[in-house]
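Since chain A is already given, all that's left is putting chain B on it; use the hints.
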Amino acid sequence: MAGTIAIKNGYVYDPLNEVDGEVMDIFIKNGKVVTELSAAEMKDAKEIDAKGKTVMPGGVDSHSHVAGAKVNTGRMMRPEDHYKYYQKKTPIAHSGCGYTVPSVYLGGYEYSKMGYTTVFEAAVPPMEARHTHEEMRSIPMLDMAGYLVLGNNWFLMRYLKEGDIDKAAAYVSWMMKTHKTYGIKCVNPAGVENWGWGENVSALDEANIHFEVTPEDIIKGLAEINEQLGIPMPMHLHANNLGHPGCWEITRDSLKIPKSIKAKPNTDVEWAETKMKAQRHQSVYLTHCQFNAFGGTSWRDFESGVKGITDYVNSNDHVVMDSGCVPFGDATVMTGDGPAIHDLYQLTGNKWSNTDVECECGSGVLPFTYLKSNPIHSVQWAMGLETLLYVKDAWKSIMTTDSPNGGPFTKYPQIIAWLMSNKARQDTFEECHKWASDRSGLASETREMSLSEIAIVTRANAARTTGLAHSKGTLAVGADGDVAVYDIDAKKIDVNDYESIIRGFQNASYTIKGGEVITQDGEILAIPEKNTFYSDIAIKADSEKEMLKDVKSWFKYYTIGFNNYPTPDKYLANPTPIKVNAER
Amino acid sequence: MAEVILKPIGNFDLTVEAEAITPDNFAGKTAVEIGEILIWQAPAQAKLSEFFSVEGNGGSSAEDTTITIDGDVPRVKRIGQEMTAGKIIIKGSTGMHVGNTMAGGEIIVEGNAESWPGMEMKGGLLHIKGDTLDHVGCAYRGSWHGMTGGRIVIDGNAKNQVGGGISGGEIIIGGNVDNFCGIRMNGGLIVVKGNAVRTTAAEMTGGVMVVGGRIEKFSPGFEMEAVECDLKFDDIECAGEFMKFTGDYAIPQKGKGTLYVSYENNECL
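These protein sequences, in sequence, are chains A and B.
Residue 213 in this note's numbering sits at position 39 of the first sequence, with consecutive numbering throughout.
Residue 139 in this note's numbering sits at position 20 of the second sequence, with consecutive numbering throughout.
A few of these clues could be false.
[Stated by the list, open to error] If you anchor each label on the Cβ, the simulated ranges turn out as follows:
#: 1; chain 1: A; residue 1: 269; chain 2: B; residue 2: 387; range: 52 to 62 Å
#: 2; chain 1: A; residue 1: 472; chain 2: B; residue 2: 211; range: 55 to 65 Å
#: 3; chain 1: B; residue 1: 126; chain 2: A; residue 2: 522; range: 44 to 54 Å
#: 4; chain 1: A; residue 1: 384; chain 2: B; residue 2: 384; range: 51 to 61 Å
#: 5; chain 1: B; residue 1: 165; chain 2: A; residue 2: 700; range: 31 to 41 Å
[Said to hold, decoys possible] Okay, derived cross-link-like pairs now, BS3-like style, lysine-lysine, Cα gap no bigger than 25 Å in a straight line:
#: 6; chain 1: B; residue 1: 312; chain 2: B; residue 2: 351
#: 7; chain 1: A; residue 1: 525; chain 2: B; residue 2: 373
#: 8; chain 1: A; residue 1: 525; chain 2: B; residue 2: 278
#: 9; chain 1: B; residue 1: 351; chain 2: A; residue 2: 525
#: 10; chain 1: A; residue 1: 263; chain 2: B; residue 2: 166
#: 11; chain 1: B; residue 1: 312; chain 2: A; residue 2: 546
#: 12; chain 1: A; residue 1: 436; chain 2: A; residue 2: 449
#: 13; chain 1: A; residue 1: 665; chain 2: A; residue 2: 225
#: 14; chain 1: A; residue 1: 546; chain 2: B; residue 2: 241
#: 15; chain 1: A; residue 1: 217; chain 2: A; residue 2: 263
#: 16; chain 1: A; residue 1: 182; chain 2: A; residue 2: 525
#: 17; chain 1: A; residue 1: 430; chain 2: A; residue 2: 335
#: 18; chain 1: A; residue 1: 351; chain 2: A; residue 2: 744
#: 19; chain 1: A; residue 1: 258; chain 2: B; residue 2: 248
#: 20; chain 1: A; residue 1: 351; chain 2: A; residue 2: 665
#: 21; chain 1: A; residue 1: 335; chain 2: A; residue 2: 263
#: 22; chain 1: B; residue 1: 248; chain 2: B; residue 2: 278
#: 23; chain 1: A; residue 1: 525; chain 2: B; residue 2: 375
#: 24; chain 1: A; residue 1: 714; chain 2: A; residue 2: 436
#: 25; chain 1: A; residue 1: 262; chain 2: B; residue 2: 166
#: 26; chain 1: B; residue 1: 166; chain 2: B; residue 2: 241
#: 27; chain 1: A; residue 1: 436; chain 2: A; residue 2: 394
#: 28; chain 1: A; residue 1: 753; chain 2: A; residue 2: 719
Because the hints were derived from the structure by calculation, they are not lab data.
We put the beta carbon where it would ideally sit given N, CA and C, even for glycine.
The following block holds chain A by itself, in its conformation from the complex (with noise of 0.2 Å):
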């Protein structure tokens, strides 16, 4: 029977069921987890000892850069990425070439290889949605979503000055269908507006450019329409002043702006039957941390701005947060902020690309390369770390690398190493510039996560953050039958042995999706079907009449025809509507 399997005696890892470690045998069948299979259904139920080995749901990545269009500016300016990092193709998988941008086909292999079966692209420009779609589709192993970039779109800024949330709403919600995305990115708010005109905000109360709104209009009025249209995910938020000494300030302060909007999210799902409740209750979601926590006032006095902000989280609970470490070597920096992207060409004068995506948003990519000899670089693989080891409550952080712009997503298993090991991290602050011990506060932390905690950070959190936990993140009763078994001893691991974590972490003894075995040992074995998550908003019907007839007459500021904006379901691989109901 496909998708029925049992996975023997392996210590299972299921924070979110509050499993902690104990030898359990999972039941998958037809793609979801059941309690048990009956003797006849075990007779043709593939069946997988995992003794001694650890099992967990498969791994969520709730930020990464791995399709659209700035991926393929930083594929096709990168040749030099590809050329000697690249794979074979094998009867059932496709050959793929690119370290840090890898092809589409190459980083759904290499993410499953890691365990890892469920990933969100974590910009997508409105008018690049069918192509990052078209990406999507063809990225294999793995079931994704893509957050919408709309933190400086002219309608909803011109809507936030006008103070008329509920039009602004109906066009988020409008948004979310017509692109198939899943959740509201907000990028440096109200400033990359103002980079179309060669400018940056660098205060939250600052005005930009002709529409007069500031990142505090933008960002409280997007974490309100969130919570009132009830969106999975809590707004997901790249603070202003990014990668500038001395942002730890405007990040913490952003950060307090949704503090009294209460979460709602409004998903009319199935819930798996988790012990733990599985909906989100953060009203904002702060985004690669470790790029918005620097602390100084230059590059001389540079220091880690981290404290700063982990701090409030650990005593606030609106908000939770990924990392975005840092694990040195290459890495190919690119997001929608184009400001802060020009900013590190003027530093580095490596080659870089910028991107205006019309009326509503930009973007920029530079190749980028962190050496351990490097102060700076040093102090930010610090802070990566910190970000996730000085937040108390693992259930308020999340493991990232920002993929490609910290390190490319394969080098988790390292940052995993680093988290659970004291040893390793001691012997990398041997290797890297002393301002990494100077600057930062990490050499003295002697907090080593366990195994469940590596958990939580790495899927269960994920997936309750951005909403998925009701299948994914789980191995709770009819969740998905997403399954990573990682060749790690759980009684006998030695955290001072941490090359042997860094081993079990990089290529799954198995990964299984839907109840398939897809990778063993690193090896493909099967390409499954994959689904293809977005938010499908109820509103009011005449809310989206009104809105659409300002959208109309805009839409002569575009380069495209109005009807040729929406991206089709068939850009789509499984078009997954998650129903989210506005009014119930």
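Structure of chain B alone, referenced to chain A:
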């Protein structure tokens, strides 16, 4: 020292990827075993012996092995790629990528070489007695990290992008070069005895470049510092009077490279 003689006998209508021809790879192998080594020609693999007659066994180590290619092989690419020791003598002309990323040993090409000789080379000596084309000792496309060590000597002319992104080692061109010689160089030494066309040492941030002939169109981002006579860089001597420039100031990094230009041949500067 053991010598392996390869004589071209095959059909080279389609180019052959011969990165397997290195002393490192031939050491410890007999002539027959060397003939069994597989190389790619377009989409198909074939034995080395289908393209070359093999005479002589490899030495006990790479240092001990000399490979002589007895003929013209302009359609054979990547000879000596990644070699670390030993010697290769090509008695005629050779194809692209000769001595790619080589780290040691010596390659002598008695004829011409096509583009990319000594791409991203790390050490050793690559001596081409004839002419060559583009990308001598250069970074691969898209990369800005070119040659880091060793020496490339071209007795004849080269074309574009000589030493692109070089950060160490030396390139000595006996003849002329075209455009973008030493683009983005950040270390090392490039000596061009003949003329250059334009964008010479453009975007340089370090290293030294010497042009003994005339630069047709001089790059705008350089400032003259002094006039110096008879330059000497270890064993490399450049006789005559030179104007010393620093630059390239046309990029955000405000580079600190040095460009010497023959006084006699560039009086208009």
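Okay, the hints, checked on the actual structure:
1. Taking 52 to 62 Å as the suggested C-beta distance range, the pair residue 269(A) and residue 387(B) conforms, at roughly 53 Å.
2. For the hinted restraint 55 to 65 Å between residue 472(A) and residue 211(B), the CB-CB distance of approximately 59 Å keeps it satisfied.
3. In this structure, residue 126(B) and residue 522(A) meet the distance hint of 44 to 54 Å, their C-beta atoms being roughly 50 Å apart.
4. Between residue 384(A) and residue 384(B) the beta carbon distance is about 56 Å. The supplied range of 51 to 61 Å therefore holds.
5. Evaluation of the 31 to 41 Å hint for residue 165(B) and residue 700(A) yields a pass: the beta carbon distance comes to about 34 Å.
6. As the CA atoms of residue 312(B) and residue 351(B) are separated by approximately 14 Å, the hinted pair is consistent with the 25 Å bound.
7. Only pairs whose Cα atoms come within 25 Å are accepted, and residue 525(A) paired with residue 373(B) is accepted, the gap being roughly 16 Å.
8. A hinted pair counts as satisfied when its Cα atoms are at most 25 Å apart, and residue 525(A) with residue 278(B) qualifies at roughly 24 Å.
9. Taking the CA atoms of residue 351(B) and residue 525(A), the gap is about 34 Å. The hint is violated against a cut of 25 Å.
10. A distance of roughly 23 Å separates the Cα atoms of residue 263(A) and residue 166(B); the hinted pair therefore holds under the 25 Å criterion.
11. With a CA separation close to 39 Å, the supplied pair residue 312(B) and residue 546(A) exceeds the 25 Å bound.
12. The hinted pair formed by residue 436(A) and residue 449(A) meets the criterion: a straight-line CA distance of about 23 Å does not exceed 25 Å.
13. Pair hint residue 665(A) plus residue 225(A) holds up; C-alpha atoms about 11 Å apart against a cutoff of 25 Å.
14. About 22 Å separates the Cα atoms of residue 546(A) and residue 241(B), which keeps this hinted pair within 25 Å; it holds.
15. Taking the CA atoms of residue 217(A) and residue 263(A), the gap is near 34 Å; set against the 25 Å cutoff, the hint is violated.
16. A distance of roughly 51 Å separates the Cα atoms of residue 182(A) and residue 525(A); the hinted pair therefore is violated under the 25 Å criterion.
17. With a C-alpha separation of about 21 Å, the suggested pairing of residue 430(A) with residue 335(A) holds against the 25 Å cut-off.
18. Of the pairs offered as hints, the one joining residue 351(A) and residue 744(A) holds, with about 14 Å between alpha carbons and a cut-off of 25 Å not exceeded.
19. Using a Cα cut-off of 25 Å, the hinted pair residue 258(A) and residue 248(B) is violated, with the two alpha carbons roughly 30 Å apart.
20. With a CA separation close to 47 Å, the supplied pair residue 351(A) and residue 665(A) exceeds the 25 Å bound.
21. Distance hint between residue 335(A) and residue 263(A) is unfulfilled; the C-alpha atoms sit about 53 Å from each other, more than 25 Å.
22. Only pairs whose Cα atoms come within 25 Å are accepted, and residue 248(B) paired with residue 278(B) is accepted, the gap being roughly 15 Å.
23. Restraint check: the Cα-Cα separation between residue 525(A) and residue 375(B) comes to about 19 Å, which is no more than 25 Å; the hinted pair holds.
24. Only pairs whose Cα atoms come within 25 Å are accepted, and residue 714(A) paired with residue 436(A) is accepted, the gap being roughly 22 Å.
25. A hinted pair counts as satisfied when its Cα atoms are at most 25 Å apart, and residue 262(A) with residue 166(B) qualifies at roughly 21 Å.
26. Proximity of residue 166(B) to residue 241(B) is assessed by CA-CA distance (about 29 Å); at most 25 Å being required, the pair is judged violated.
27. For the hint linking residue 436(A) to residue 394(A), the alpha-carbon distance of about 12 Å falls within 25 Å, and the restraint holds.
28. A distance of roughly 20 Å separates the Cα atoms of residue 753(A) and residue 719(A); the hinted pair therefore holds under the 25 Å criterion.
In terms of the numbered hints stated before, the structure departs from hints 9, 11, 15, 16, 19, 20, 21, 26, listed from lowest to highest.
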